[in-house]
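Each chain is listed here by its residues.
There are 2 protein chains.
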Amino acid sequence: MPKPKEKGVRKGMTPIADLVENVKQGQIQAIARAMSLVENEAPVARDIMDRLYTRTGRAYRIGITGPPGAGKSTLTAQLTRRFRQQGKTVGIVAVDPTSPFTGGAVLGDRIRMAEFATDPGVFIRSMASRGSMGGLARRTQEVADILDAAGKDVIIFETVGVGQTELDIAEAADTTIVVLVPESGDAIQAMKAGLMEIADIFVVNKADREGADRIKMELELMLQLRPDGEGKGWKPPIYLTVASRGEGVDALLTEIERHYQFLHKNGLLEARRRKRLIHKVQEMVTERLKEKFWTRDRRQKLEKRLPDLIENKISPYALADELVE
Amino acid sequence: MPKPKEKGVRKGMTPIADLVENVKQGQIQAIARAMSLVENEAPVARDIMDRLYTRTGRAYRIGITGPPGAGKSTLTAQLTRRFRQQGKTVGIVAVDPTSPFTGGAVLGDRIRMAEFATDPGVFIRSMASRGSMGGLARRTQEVADILDAAGKDVIIFETVGVGQTELDIAEAADTTIVVLVPESGDAIQAMKAGLMEIADIFVVNKADREGADRIKMELELMLQLRPDGEGKGWKPPIYLTVASRGEGVDALLTEIERHYQFLHKNGLLEARRRKRLIHKVQEMVTERLKEKFWTRDRRQKLEKRLPDLIENKISPYALADELVE
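So the sequences go chain by chain: G and R. Counting with my numbering, you get residues 1 to 325 for the letters of the first sequence. Counting with my numbering, you get residues 1001 to 1325 for the letters of the second sequence.
Since the hints were made in silico from the structure, they are not lab data. Some hints here could point you the wrong way.
With the C-beta cut set under 8 Å, the calculated list includes, among others, these residues of chain R facing chain G [as the list claims (entries may be wrong)]:
#1 1042
#2 1060
#3 1221
Partial chain G-side listing against chain R, Cβ under 10 Å, derived [to be verified]:
#4 60
#5 281
#6 285
#7 287
#8 320
Even for Gly, the Cβ is constructed at its ideal location relative to N, Cα and C.
Just chain G, same shape as in the assembly (with noise of 0.2 Å):
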């Protein structure tokens, strides 16, 4: 009688071995498999990721946020073009708003990376950012760490800014950078958009257009009453770009160069991996916690206690001690 070989294969599957392996070969069916059990949350992607771990940290992270229209996915594209003059593999991870009406993510102007489908030195995957309630960051970061694991030297991640995604964003990244365009009015909006503390690097981002200028200096200005946090010591610089003709991008790809240099001389790099490790692990104990407290017999016991629950006979917080104890 054979006996199965790989803890979770299912019959008539790939076995989760081989996928793993062919993801670590750069495969992208393997890569895009792997990626799909992890957004639908299959079983068997925590043991994939477990699998693929040991050849994580490799990559360099870069996330990019901004308002939409703000030119994110041409900076992205410039970017990827200068990676791979240099020779460097890219996997980029565009976050997109969801309608479940389309039942996918509406794919904005992903079409100005049609340039790279023939690449094989460049793995784009759109990602839905609704659906599954606070789970982006964490997906995000497995797709990451696929990219990561697959051998991509460079990871991209785009986003629009505004919400909860780009500070999902910042956390995964090494180097965020916030691109800005003078029509966001004026750096009071980025303000309350809340992307002044996340930036790396700014870019302010069409910058024929006319109030280029006056965005960078209120931004300078802002930027000086940010408190020193995380950053010990680094001052975000200020980049103006006209990304549709490839003006100033060099400039930021030395500038993002020069924050990777920063990070590891003062041993910053290793301090966000570990504190991205440290939230992994947290999050993965909660998962498991709630997977062995939740059996049948408490599911039963909450559905009895509903009623009551209900007509106010018992509180929310007074039932869940009652379960928990």
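Guided by the hints, dock chain R onto chain G, whose structure is given.
Then chain R, alone, in the frame of chain G:
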């Protein structure tokens, strides 16, 4: 030797029992204080919420969301004025993006609410959407529960609809109103922003501007594509308003009442509350489990294994397993 009468009471603080009693009496300072304790996740917050719980579940909860500049505050003020004319008391929970720069929420158009400053029948609370990752939904609900326990008849949640915030609001509200403006571009934008699926009622505000009829038509078209989900037979109507002049607000109010009747008749009001309560219990259970788990001993264990984690000798997945075992 005097013994403490109340659990959770600290020296020099108002006893919790008093505070809870004063909240129930609708005392403004007590309400504000209870909210601050909840927002700061003070240890006594749980006790307060537990004691207030029996008084909740009576207020009607309305969510108002939409893009920045859609006139949500003006609409909220107009609705509030009408509820007050009907003799109803109103609690307003305004969720704003925050910046650690200023240390607080950037209060957009709250100034318009100044008319209610001297009305004891209206309580306005601004909340920050940032800082405690993922905790917004919970704090928003608890602030609303405090207003509910304080006897407010109607609670209005107001938030910018980009990101996760409006999903949290939609879960917290009985009736969710999505406000758009002709300048929103087209309905595709609304779809992209993920607002379509949470709306019980659509409002096209600033409808005296060009394009109002077009966006209404587009919304109608998109709504025909909307799969009938939780709504169970409710087709979101589309109202045109000019909130600044109060035009269309009476009709909107009637529609809110019609939606309430619809939910009531079909048992959906209770179903929504039931769902919220189950979430709440699950959330509190998770919190308890985490508290119980992360003893000093386990935190030290994690600390000790960190070097192995960083050197890829163990994955966060395996380490979590190790800790839970």
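Fill in: Hint status (Cβ of residue 1060(R) to nearest Cβ of chain G, threshold 8 Å)
17 Å, violated
Practice prompt. Mind checking the CB of residue 1042(R) against every CB in chain G and telling me if the closest is under 8 Å?
Written response: 14 Å, violated
Worksheet item: Can the hint on residue 285(G) be confirmed by a CB-to-CB distance to chain R that is less than 10 Å?
Response: 5 Å, holds
Discussion item. Let's test the interface hint: is any C-beta of chain R closer than 10 Å to that of residue 281(G)?
Written reply: 5 Å, holds
Worksheet item: Does residue 287(G) pass the interface check with chain R, least Cβ-Cβ distance below 10 Å?
Response: With a minimum Cβ separation of about 8 Å from chain R (threshold 10 Å), the hint on residue 287(G) holds.
Worksheet item: Given residue 320(G) as an interface hint, is the shortest Cβ-Cβ distance to chain R below 10 Å?
Response: Where the cut-off is 10 Å and the nearest Cβ of chain R is about 3 Å from residue 320(G), the hint holds.
Worksheet item: Regarding the hint that residue 60(G) lies at the interface with chain R, is the smallest CB-CB distance below 10 Å?
Response: Violated, because the Cβ-Cβ distance from residue 60(G) to chain R comes to roughly 17 Å (cut-off 10 Å).
Discussion item. Quick check on the hint: residue 1221(R) CB to chain G CB, less than 8 Å?
Written reply: Hint violated; residue 1221(R) Cβ to chain G Cβ min 12 Å, cut 8 Å.
In summary, the structure is inconsistent with hints 1, 2, 3, 4 from the numbered list given earlier, while agreeing with the others.
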